[in-house]
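Engineer: If you want the building blocks of each chain, they are given just below.
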Amino acid sequence: MLKILLQARLKKLEPFWGLFLWCLLIFFLELVGLVQPVKILTQNLTKPLLSLNTNLVQAALTPYQELRHSYKAARRVQDLERKFAEASARLGELEQLKLENQKLRALLENSDRTLSPTQISTPILSYGQPAIDAGSNQGIDQFSPVLVEKTMVGLVSQALPDFSYVELLYQAKTQPVLAQTETGVQGLVKGDGKRVLLTELPADAVLEIGQRIETVGQKGIDRGLLIGRVRSIETGQSAGVKTVTIEQYVSFYDAVIVEVR
Amino acid sequence: MLIIILKFLVQFLALIFLMSLEKVIGLPWFSVLIGLIWLDSFEKKSQVALLTLLGLFLASIFNLSLGLSLVLFTIGIVFVKLGQAFIADKRRRFLLASLVINLLLLWIMGFSLTGLSLTQLVLSYFLIVFGLRIFYRK
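The listed protein sequences correspond, in order, to chains Y and L. Numbered by my numbering, the letters in the first sequence go through residues 215 to 475 in order. Numbered by my numbering, the letters in the second sequence go through residues 2 to 139 in order.
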C-alpha cells in the first residue's frame with residue numbers, strides 16, 4: 215500500500231524532474247565558478263534600481279526623521295554649542311601643528327604630497343542589509359572602516375567587485391575595534407544589537423561623560439577615527455571591568471553618502 | 002505577439018523593482034509570493050527559463066547562491082501545484098510557501114528579528130492576504 219502511494223507521488227513529480235535536474239546542474243556550474251560572472255553582470259544591472267529605491271525610501275523616511283530629530287533638538291543644540299566651543303579652542307592649536315607638519319614634510323621629502331589615506335565616497339544601496347555602491351574594483355577591502363560625517367559607523371564585511379556589505383558597530387556580529395578615550399583608556403568597541411559599547415575597561419579607569427572615543431589604530435583601520443562620545447558608564451556585575459555606552463551623533467540610516475578609508 | 006512580450010517585460014521589471022525595494026527596506030516578503038504566482042501562471046515548458054531568470058535576480062540582489070535560490074523557488078512552486086493533499090486551498094499554499102521561503106532567507110542571510118522586520122512581516126501579511134483576495138481568483 216505504501217509502495218503504491220509512493221509510486222503515485224513520484225509519478226506526480228515527473229513533470230518537475232527537469233526542474234530539479236536543472237537546479238543540480240546550476241549547483242555544479244556554481245561550484246566550478248562559471249555562474250559568478252553572470253551574477254556579477256546581473257548585480258551591475260540591478261544597481262540603478264537599488265539606488266532609485268534607496269532614494270525613494272530616504273524621501274519617504276525624511277519627514278519621520280525630521281520629527282524625531284526636532285524632538286531632541288533643544289538638547290542637541292546645547293550639546294553642539296559646547297562642542298563648538300571646544301572645537302574652537304582646539305582649532306588654533308591644530309592650525310599650528312599643521313603648519314609645522316608641512317614644513318617638516320617639505321624638509322624631509324622635498325614634496326608637498328599628502329599622506330592621508332585614500333577616501334572613497336559612495337552612496338548607500340540598501341538599509342535592510344546595509345550595503346554601499348562600491349566594491350573591490352573601487353579599491354575597497356574587507357574590514358575597511360565606513361564613516362558618516364567623519365564618524366566611524368561600521369566596517370565593510372564583504373567586498374564584492376562592485377558593491378560591498380557593511381556591518382554596523384552596534385551589530386553583535388561586527389568585528390571588535392580597538393579604541394581609546396581622550397585620557398588614553400583603551401578598550402574594545404563592540405555592539406550588543408542595539409548599542410555601541412566600549413568594553414574591557416579597567417575598573418579603576420578614569421572616565422567622564424562626554425569624552426571622545428577614537429580608534430587606536432589596527433590593521434586596516436587608521437588611528438584617530440572618531441567613533442563617538444561617552445554617554446553612560448556601567449560597572450560590570452563582578453566589578454572587575456567597566457563598560458561605556460557610546461553616543462554616536464550620526465547614523466548610517468540617516469546618511470545619503472558615506473566614506474570608506 | 003509584441004503585446005505578450007511587452008506584458009511579460011513589464012511584469013518582470015515590476016517584480017525586479019519590488020524585489021530591489023524590499024532589499025532596501027528588508028526581506029523579500031512580498032516579491033517571493035508574487036514570483037511564485039508569476040511562475041505558476043506560465044506553461045511548464047517556459048518555467049525552467051523563467052525560474053532561472055527569477056532565481057538569478059533574487060540571488061544577485063540579495064547576494065545568495067543561485068543554486069539555492071532556484072531550489073527554494075522550485076520546491077515552492079512544486080508545493081503550490083501539487084500540495085493539495087496537505088492544504089486544499091491554493092491561496093493558502095501560496096502564502097505558506099512564501100512564508101517558509103522568507104524564513105529560510107532570514108536564516109541564511111543572518112537577519113536579526115527586530116521590531117522593524119516584525120512590522121514588515123505583519124504589514125506584508127495583510128498586503129498578501131488582501132492582494133490574493135483581489136487579484137488571485139484560482
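Treat the hints as calculated values from the structure; they're not laboratory data. Some clues are possibly wrong.
Computed Cβ-Cβ distance ranges for the label pairs, DEER-style [what the hints assert, rightly or not]:
#, chain 1, residue 1, chain 2, residue 2, range
1, Y, Trp231, L, Leu124, 36 to 46 Å
2, L, Leu54, Y, Leu275, 28 to 38 Å
3, Y, Phe242, L, Phe43, 19 to 29 Å
4, L, Leu54, Y, Ser302, 32 to 42 Å
5, L, Leu119, Y, Leu402, 52 to 62 Å
In silico SDA-like cross-links for lysine to any residue, where the CA-CA straight-line distance does not exceed 25 Å [claimed, not checked]:
#, chain 1, residue 1, chain 2, residue 2
6, Y, Lys433, Y, Leu321
7, Y, Lys433, Y, Leu382
8, Y, Lys387, L, Leu105
9, Y, Lys387, L, Leu69
10, Y, Lys261, L, Phe87
11, Y, Lys364, Y, Ala273
12, Y, Lys261, L, Phe9
No residue lacks a Cβ here, since even glycine has one placed at the ideal position from N, Cα and C.
Engineer: Each of the hints needs a verdict: does it hold here or not?
Structural biologist: Hints and how they fare:
1. For Trp231/Y paired with Leu124/L, a C-beta distance near 38 Å keeps the hint of 36 to 46 Å intact.
2. Between Leu54/L and Leu275/Y the C-beta distance comes to about 31 Å, which sits within the given range of 28 to 38 Å.
3. With their beta carbons about 26 Å apart, Phe242/Y and Phe43/L fall inside the hinted range of 19 to 29 Å.
4. At roughly 59 Å, the beta carbons of Leu54/L and Ser302/Y sit outside the given window of 32 to 42 Å.
5. As the Cβ distance of Leu119/L to Leu402/Y is approximately 30 Å, the hint placing it in 52 to 62 Å is violated.
6. As the CA atoms of Lys433/Y and Leu321/Y are separated by approximately 29 Å, the hinted pair breaks the 25 Å bound.
7. Restraint check: the Cα-Cα separation between Lys433/Y and Leu382/Y comes to about 18 Å, which is no more than 25 Å; the hinted pair holds.
8. In summary, the hint linking Lys387/Y to Leu105/L is supported, as the alpha carbons are separated by about 19 Å, within the 25 Å threshold.
9. Proximity of Lys387/Y to Leu69/L is assessed by CA-CA distance (about 24 Å); at most 25 Å being required, the pair is judged to hold.
10. A hinted pair counts as satisfied when its Cα atoms are at most 25 Å apart, and Lys261/Y with Phe87/L does not qualify at roughly 40 Å.
11. Restraint check: the Cα-Cα separation between Lys364/Y and Ala273/Y comes to about 23 Å, which is no more than 25 Å; the hinted pair holds.
12. Distance check on the hinted pair: Lys261/Y and Phe9/L sit about 21 Å apart at the alpha-carbon level, within 25 Å; holds.
Violated hints, in rising order: 4, 5, 6 and 10; the structure is consistent with all others.
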